[in-house]
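A.B. asks: Given next are the chains, with one letter for each unit.
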Amino acid sequence: MKFDLLNIVFETINLIGRIMSSLQKRAWLALWSMCPVYCVYFAIQIGFPDLLTTMLEHIGLFALTASIHAVAYVSGLLVIKRREAGEPLLEDERDRAIDARGTRVAYFVLLTCMIVVGVVMPFNNGGWKLVNTALLAIVLSETVRYALILIGYRGMRLAH
Amino acid sequence: MSNEVRLLRFLAQDMTQAELGKRVGLTRQTIAAIEQGRYSPSLDVAFRIAHVFGKRIDEVFHWQPGGAAGNDAVTTPAS
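Going down the list, the sequences are from chains G and F.
Residues 19 to 178 in the numbering used here are what the first sequence lists, from first letter to last.
Residues 12 to 90 in the numbering used here are what the second sequence lists, from first letter to last.
Worth flagging that the hints you see were computed from the coordinates, not collected in a lab.
Careful, some of the hints might be misleading.
Listed below are the simulated DSBU-like cross-link pairs for lysine-lysine, each with C-alpha atoms no more than 35 Å apart in a straight line [what the hints assert, rightly or not]: (1) K99/G x K43/G; (2) K99/G x K33/F; (3) K147/G x K33/F.
Distance ranges between label pairs, derived from CB positions [to be verified]: (4) T27/F x N143/G: 43 to 51 Å; (5) R34/F x W146/G: 54 to 62 Å; (6) N142/G x L54/F: 23 to 31 Å; (7) I156/G x K66/F: 47 to 55 Å; (8) F126/G x H62/F: 34 to 42 Å; (9) D25/F x I156/G: 47 to 55 Å; (10) G104/G x Q47/F: 22 to 30 Å; (11) W50/G x R34/F: 29 to 37 Å; (12) P76/F x H76/G: 55 to 63 Å; (13) I133/G x P76/F: 35 to 43 Å.
Computed from a predicted model, the values in this text were never measured in an experiment.
Glycine included, C-beta positions come from ideal geometry on N, C-alpha and C.
Could you build all of it, start to finish, from the sequences and the hints given here?
C.D. replies: In structure tokens, the structure reads:
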């Protein structure tokens, strides 16, 4: 029974791997490796502001978060690359169009957030609050980008 | 924009989506999206698909006013 369940899981992963395009798999990987890790990071920063008092503790938490994110993303990317080895074509004009639209919207999200961080916030805030808001802007824009890529693949009509 | 790609594949000895994709330089997923009307290809790709089946482009792709692209809607002047 346990073996069957494992078999079903592996078969499902294989099926998803065949159905999804390369960019789609990377977008899922980027979201799954980034969102949970940074949700925990921002939950700690917002929910327990007294937990981190020194600069070193702040840097330590960020370093730990960034490391977990990097390890999860790179290892997932290696698995994807290994599975895609030998495939003739990984990306075409549709993938590029979907990617371009996600990137275009994410750029404006990042631009707006950076105006808030760099132009508005310095008058009232400083230190780690600025740093964390800038980090939130990056995570938010990346999330928007990958979410739009996934929406683009899931039935959104697109013309070249 | 609708198309006859699925029918033409069937008539071409049941050519697979992957095979057609390989011949025109697209992924299998994009061929599937074109067949389902979820993606309108570039003119270059549309010509290449028509060329694979030995057809004219208008025999493979049919444009309809007010279609998916959003920029081809026909507006009537106010009377």
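A.B. asks: Against each hint, give a clear statement of whether it holds in the structure.
C.D. replies: Do the hints match the structure? See the list:
no., hint, in the structure
1, K99/G x K43/G, "holds (10 Å)"
2, K99/G x K33/F, "holds (20 Å)"
3, K147/G x K33/F, "violated (51 Å)"
4, T27/F x N143/G: 43 to 51 Å, "violated (58 Å)"
5, R34/F x W146/G: 54 to 62 Å, "holds (56 Å)"
6, N142/G x L54/F: 23 to 31 Å, "violated (53 Å)"
7, I156/G x K66/F: 47 to 55 Å, "holds (48 Å)"
8, F126/G x H62/F: 34 to 42 Å, "holds (39 Å)"
9, D25/F x I156/G: 47 to 55 Å, "holds (48 Å)"
10, G104/G x Q47/F: 22 to 30 Å, "holds (27 Å)"
11, W50/G x R34/F: 29 to 37 Å, "holds (35 Å)"
12, P76/F x H76/G: 55 to 63 Å, "holds (59 Å)"
13, I133/G x P76/F: 35 to 43 Å, "holds (41 Å)"
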